[in-house]
Amino acid sequence: MAMTMTQKILAAKTGLPYVTAGQLVECKLDFVFANDITGPVAIDEFYKMGADRVFDPDKVALVPDHFTPNKDIAAAQLAKKTREFARRMKVHYFEVGRVGIEHALLPEKGLIKPGDVVIGADSHTCTHGALGAFATGVGSTDMAAGMATGKAWFKVPEAIKVTLRGKLRPYVSGKDVILHLIGMLGVDGARYQSLEFAGDIDSLSMDDRFTIANMAIEAGAKNGIFPVDGRTLEYLSAHGASPGVAYTADPDAPYARELVIQLDEVPMTVAFPHLPENAKTIQEAEDARIAIDQVVIGSCTNGRISDMRAAAEILKGRTVADRVRCLIIPATQEVWLQCVEEGLMDIFVKAGAAVSTPTCGPCLGGHMGILAPGERCVSTTNRNFVGRMGHVDSEVYLASPAVAAASAVTGYITSPHSL
Amino acid sequence: MKCKGFAHKYGDHIDTDVIIPARTLNNPDPANLAAHCMEDIDKDFVRRVQPGDIMVGGLNFGCGSSREHAPIAIKASGISCVIAKNFARIFFRNAINIGLPVLECPEAAEEAQSGDEIEVDLDTGTIRNLTRGGTYTATPFPSFMQEIISAGGLVNYIKSRGEGSQP
Ligand code: SF4
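Residue numbers (our numbering), protein chains in the order written: chain A, 160 to 578; chain B, 258 to 424.
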């Protein structure tokens, strides 16, 4: 029975020779995590279930990344609850100063590997599919049940196969590919399905793959997944992770739909308010002459080292426009340190950008850069919903780090080619 | 089990950020969440909603974040059930897990208007619009979800199986 990559992983972790789309399976979990918003709700549910230990402390992590460093007293209480539970259960925990945004941090710490089944109480858990794992977001109660039992039920998804061909042009990145794809599919175009990537993936860096898998949820997908190749294995060994098990889709696997994206034809893409599917080419965005007040470069989508390098390349020797606040947030401490070592911090500060310690912060309108009514922000994050980053009358335009940095320089949505 | 109340209707792609904005999540108390439910697209919802009322949405209801705070906010506001053309995956799962009934029924969702009186029989999936006279049948819950619902949500379901505690 031919299976997709996702179906093979689910079959293996369920102990079945094969599974088919629509089937309900109870799977063994390889990793379970939550953050400082979803964690506290999960902790309450965990105790209500009558649980008093986690199934395997080494396979559970709590990552306080959303409202940390604590933005107010209420957030401090959530962080405290998360911290105390983590200590008590002896699970992975990362304190401020060591913490990073969960979906950038966990792979960096070598905690996720190919073939794993991963649930996280955060919708962008699909990011980890870049490593060839089945990773999907769940709510706090599912996470609590996963922590207690080491198992979760899933409906086996069908898949959309997205074949990538060729190579990206200069300044075009994984972010542009995924915004372009969401523009084609719509925000519910892959609802309940897997997005399985195939083709010339070797031309994409791991950081690009993380960015693409990260936004699978923005097309409604259950997960996004990349095959494992030499680059994946290199990444795993550089981060002390085991190579795991590389599953490949059968050549005759059934797909609900197949798409081909010519990478050399993907334009720099900007998603206009208030849905990620409102994809416009950089040309259309420039023509609209959209004046901006803020730029955010960071998040689980684009806070990795290649994103920082892309921003620095543009900002080097230039300055942020007078009317713009440019916030740069490396996603993890390791990325931060690398920015220092490579001289990127110097470039950011001299350009007039504010650089923050790792946090989700403005991405969800938490803190560190909230928008006032009428303000517009170009952001490398993943959602531009009404009120996502502040007041309901503010606007978020989603773009790549290169476009965000170029826009910071001019004060308008701008292509790096126009500088 | 039956629900009966007045409809509060919204459009397509109602996301979790408008159901419950992140700025309120530093206090996950259901009463706090209920006090801010829908406020970014419908300031008066909290004032208008009566216990038992029914929320009606379009396509992809509950898309976006995995925050369980979203169905908790809706439930704590007094809404007895949500009818939509279809739901985003994580929201659907979370709603079941916390015991907020969610019904997929494109026709009922299409025809209902805010203020209509609606009656829902959760056991049969029958939806009746008393104001307009329409009767509809929602997609029934898959069997594994029925088990979770009849156990009173995932917490009780796990508890009844005695998993996760010291032997
Ligand atoms: S950076 Fe934004 S999208 Fe990513 S986990 Fe944090 S809040 Fe969620």
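Hint data in this document are derived by calculation from the structure and do not stem from the laboratory. Some hints here could point you the wrong way.
PhoX-like mimics (lysine-lysine), calculated; alpha carbons at most 20 Å apart, straight line [what the hints assert, rightly or not]: (1) A:Lys-230 - A:Lys-218; (2) B:Lys-261 - B:Lys-300; (3) B:Lys-342 - A:Lys-187; (4) A:Lys-187 - A:Lys-218; (5) A:Lys-310 - B:Lys-416; (6) A:Lys-207 - B:Lys-416; (7) B:Lys-342 - B:Lys-266; (8) A:Lys-509 - A:Lys-439; (9) A:Lys-240 - A:Lys-230.
Here chain A is said to cover these stretches of chain B; the calculated rule only asks that three of the stretch's residues, wherever they fall, bring their Cβ under 8 Å from a Cβ of chain A [said to hold, decoys possible]: (10) 306-313; (11) 383-389.
Every value quoted in this text rests on a predicted model; they were computed, and no experiment measured them. We put the CB at the ideal spot given by N, CA and C, even for glycine.
To see whether the hints hold, each was checked on the structure:
1. A:Lys-230 - A:Lys-218: 28 Å, violated
2. B:Lys-261 - B:Lys-300: Violated, at about 23 Å.
3. B:Lys-342 - A:Lys-187: Since the Cα atoms of Lys-342 of chain B and Lys-187 of chain A sit roughly 32 Å apart, the hinted pair is violated (cutoff 20 Å).
4. A:Lys-187 - A:Lys-218: Satisfied, since the Cα-Cα distance of roughly 11 Å is no more than 20 Å.
5. A:Lys-310 - B:Lys-416: Holds: Lys-310 of chain A and Lys-416 of chain B sit about 14 Å apart, inside 20 Å.
6. A:Lys-207 - B:Lys-416: 8 Å, holds
7. B:Lys-342 - B:Lys-266: 12 Å, holds
8. A:Lys-509 - A:Lys-439: Between Lys-509 of chain A and Lys-439 of chain A the Cα gap is close to 31 Å, so the pair fails against 20 Å, i.e. violated.
9. A:Lys-240 - A:Lys-230: 15 Å, holds
10. 306-313: Since 0 is below three, the answer is violated.
11. 383-389: Violated - the stretch 383-389 of chain B has 0 residues with a Cβ nearer than 8 Å to chain A, which falls short of three.
The structure shown violates the earlier hints numbered 1, 2, 3, 8, 10 and 11.
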